[in-house]
Structures are given as C-alpha cells and as structure tokens.
Amino acid sequence: MAERDYGTEIDALRNDINEIKELLKGSNDKSRPDSKIFDKMKDMSTDKHLNSLMDRIQNECEADGSIGKVVYLGVFASGGRQSNWISELKADDLLKLIENRTAEKVLACIGSSDKLNILLALLKKTMTVAQLVSECGFNSTGQVYHHLNTLIAADLVQEDLEYCGKGYYIVIPYRVQGIVMLLSGINDMLDTRYSSGSWNESK
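Heads up, the sequence shown is in the working numbering, so the first residue is 1 and it goes up one at a time.
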C-alpha cells in the first residue's frame with residue numbers, strides 16, 4: 001500500500017479553500033457592475049414621471065456600479081429674484097466631501113446660530129446691516145459685520161448692487177439652492193415616520 005503524502009494533500013486542500021474563498025468574494029463584491037445591489041421600489045410616487053426618473057437612476061447605478069445618485073430640483077424666490085435648479089450628483093462624489101473635510105469646513109462656517117439667523121433674514125428679503133441688527137437681535141453693527149464678512153468670504157452673501165444698491169445685502173442667487181437643499185436634508189433627518197432620535201448634544 002502506497003504511503004500517503006499528507007503534505008501534498010494539505011496543500012491541495014489549501015488551494016481548494018482559497019479557490020472557494022475567491023468564488024465567494026466575487027459573488028459578494030458589491031462594486032461589480034453586474035451585482036444586483038439595488039432593491040428596486042416601484043411606484044414610490046403618484047407622479048409617473050418621478051417614478052420613471054427613479055427607475056432610470058436605479059438602472060444607471062446598477063449598470064455603472066456606483067453606490068447611488070441624487071437628483072433634485074427646486075424653485076425659490078429670494079431678494080426679489082427667483083432661483084431655479086435641476087441637479088444630478090453621484091453619491092460617491094458626495095461622500096468625498098466628508099473624506100476631504102470640505103463638509104466639515106462648510107458646516108463650521110455657517111453652523112452658528114448668528115450666521116444662520118443672518119442667512120434666514122436675507123433669504124426672506126434684501127437688508128442693510130442696520131436692519132439685520134434689528135431683525136436678528138444683535139447689539140451692534142460690529143457684531144453683524146463680524147458674521148457677515150465670513151458669509152461674504154464664503155461667497156454666500158453679497159451687496160445687492162443690481163437692484164437696491166450699496167449697503168443692501170442678499171444671499172447670492174446661485175447659492176440659494178445649496179442652502180435650501182441643506183435645510184431639506186436636515187428636514188429629512190428630523191422625519192420621525194421611520195425612526196426618531198435626540199439632537200441634543202450628549203453631555
């Protein structure tokens with residue numbers, strides 16, 4: 001009877017195991033375009049055009065292997081002007097805003113209650129610094145300028161030289177959509193239909 005070569009048998013088993021691992025890895029690889037990673041929901045809206053749009057972006061994401069896509073549109077009247085937008089963004093690119101700390105910088109820039117109150121006031125109508133002092137409850141024009149200069153540097157606010165003239169400030173029209181969509185995202189996070197949580201900072 002021939003003597004068994006256990007070393008060779010173990011090597012063969014190891015190779016078989018590695019092949020099985022590779023097969024399993026391939027079947028679970030969600031980055032592959034042919035992976036069925038989207039659970040397609042039909043008729044999410046009563047509007048057939050929106051349902052058609054949802055179906056299209058799901059198919060596109062599945063085809064190119066991306067993790068998702070965001071499509072949004074809106075209209076908003078601010079400072080005597082109307083802002084309209086239709087945007088389509090890849091979710092992969094949106095996540096990069098966290099990875100490269102851009103999201104952190106933007107939120108830190110506008111995240112204070114004073115800056116948000118100024119943006120709120122200017123989204124409603126064009127105002128002077130004196131009006132902002134009164135509207136937002138500041139104690140001096142110096143306080144307003146302190147926050148206003150940051151918003152101007154961030155290209156969110158500018159003087160309304162086209163209509164009202166020097167000394168009157170507006171939210172820059174092409175920045176309105178970003179602020180409104182940021183608020184839309186916050187509204188989604190506050191939606192309690194599916195889950196709820198506390199937004200008070202833990203001690």
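It is worth saying that the hints were derived from the structure and are not from the lab. Please note that the accuracy of each hint is not assured.
[To be verified] Here are the simulated DSS-like cross-link-like pairs (lysine-lysine), alpha carbons at most 27 Å apart as the crow flies:
| hint | residue 1 | residue 2 |
| --- | --- | --- |
| 1 | 48 | 69 |
| 2 | 69 | 124 |
| 3 | 96 | 125 |
| 4 | 105 | 90 |
| 5 | 96 | 40 |
| 6 | 105 | 124 |
| 7 | 115 | 105 |
| 8 | 166 | 125 |
| 9 | 69 | 115 |
| 10 | 48 | 90 |
| 11 | 90 | 69 |
| 12 | 90 | 124 |
| 13 | 40 | 69 |
| 14 | 124 | 96 |
| 15 | 105 | 69 |
| 16 | 125 | 115 |
| 17 | 90 | 40 |
| 18 | 42 | 90 |
[Claimed, not checked] If you anchor each label on the Cβ, the simulated ranges turn out as follows:
| hint | residue 1 | residue 2 | range |
| --- | --- | --- | --- |
| 19 | 159 | 63 | 41 to 49 Å |
| 20 | 52 | 186 | 37 to 45 Å |
| 21 | 52 | 114 | 40 to 48 Å |
| 22 | 96 | 199 | 24 to 32 Å |
| 23 | 106 | 199 | 17 to 25 Å |
| 24 | 42 | 120 | 55 to 63 Å |
| 25 | 53 | 152 | 30 to 38 Å |
Cβ coordinates follow ideal geometry from the N, Cα and C atoms, glycine included.
Each hint tested on the structure:
1. Taking the CA atoms of residue 48 and residue 69, the gap is near 19 Å; set against the 27 Å cutoff, the hint holds.
2. Proposed proximity of residue 69 and residue 124 is contradicted: the alpha carbons are some 31 Å apart, above 27 Å.
3. The straight-line distance between the Cα atoms of residue 96 and residue 125 is roughly 34 Å, outside the 27 Å bound, and the hint therefore fails.
4. Restraint check for residue 105 and residue 90: the C-alpha separation of about 21 Å stays at or below 27 Å, so the hint holds.
5. Of the pairs offered as hints, the one joining residue 96 and residue 40 holds, with about 25 Å between alpha carbons and a cut-off of 27 Å not exceeded.
6. Between residue 105 and residue 124, the direct Cα distance comes to roughly 25 Å. Compliance with the 27 Å bound is thereby established for this hinted pair.
7. For the hint pairing residue 115 with residue 105, the CA-to-CA distance comes to about 14 Å; that is within 27 Å, so the pair holds.
8. Between residue 166 and residue 125 the CA atoms are separated by roughly 15 Å; this keeps the pair inside 27 Å, and the hint holds.
9. A threshold of 27 Å between alpha carbons decides the hint, and for residue 69 with residue 115 the separation of about 30 Å lies outside it, so the pair is violated.
10. The suggested pairing of residue 48 with residue 90 holds, with an alpha-carbon distance near 23 Å, which does not exceed 27 Å.
11. Pair hint residue 90 plus residue 69 holds up; C-alpha atoms about 4 Å apart against a cutoff of 27 Å.
12. Under the criterion of a C-alpha separation no larger than 27 Å, the hint pairing residue 90 with residue 124 is inconsistent with the structure, at around 31 Å.
13. Note on residue 40 and residue 69: the hinted pairing holds, with a Cα-Cα distance of about 14 Å set against a maximum of 27 Å.
14. The hinted pair formed by residue 124 and residue 96 fails the criterion: a straight-line CA distance of about 32 Å is larger than 27 Å.
15. Using a Cα cut-off of 27 Å, the hinted pair residue 105 and residue 69 holds, with the two alpha carbons roughly 23 Å apart.
16. Taking the CA atoms of residue 125 and residue 115, the gap is near 16 Å; set against the 27 Å cutoff, the hint holds.
17. The straight-line distance between the Cα atoms of residue 90 and residue 40 is roughly 18 Å, inside the 27 Å bound, and the hint therefore holds.
18. Between residue 42 and residue 90, the direct Cα distance comes to roughly 21 Å. Compliance with the 27 Å bound is thereby established for this hinted pair.
19. Range check, residue 159 to residue 63: about 47 Å between beta-carbon atoms, so the 41 to 49 Å window is met.
20. At about 28 Å, the CB distance of residue 52 to residue 186 disagrees with the hint of 37 to 45 Å.
21. Look at residue 52 against residue 114: about 44 Å separates their beta carbons, and that is inside 40 to 48 Å.
22. Taking 24 to 32 Å as the suggested C-beta distance range, the pair residue 96 and residue 199 conforms, at roughly 26 Å.
23. Between residue 106 and residue 199 the beta carbons are some 19 Å apart, a value that agrees with the proposed interval 17 to 25 Å.
24. Range check, residue 42 to residue 120: about 39 Å between beta-carbon atoms, so the 55 to 63 Å window is missed.
25. With their beta carbons about 37 Å apart, residue 53 and residue 152 fall inside the hinted range of 30 to 38 Å.
Hint compliance for this structure: hints 2, 3, 9, 12, 14, 20 and 24 are broken, all remaining hints hold.
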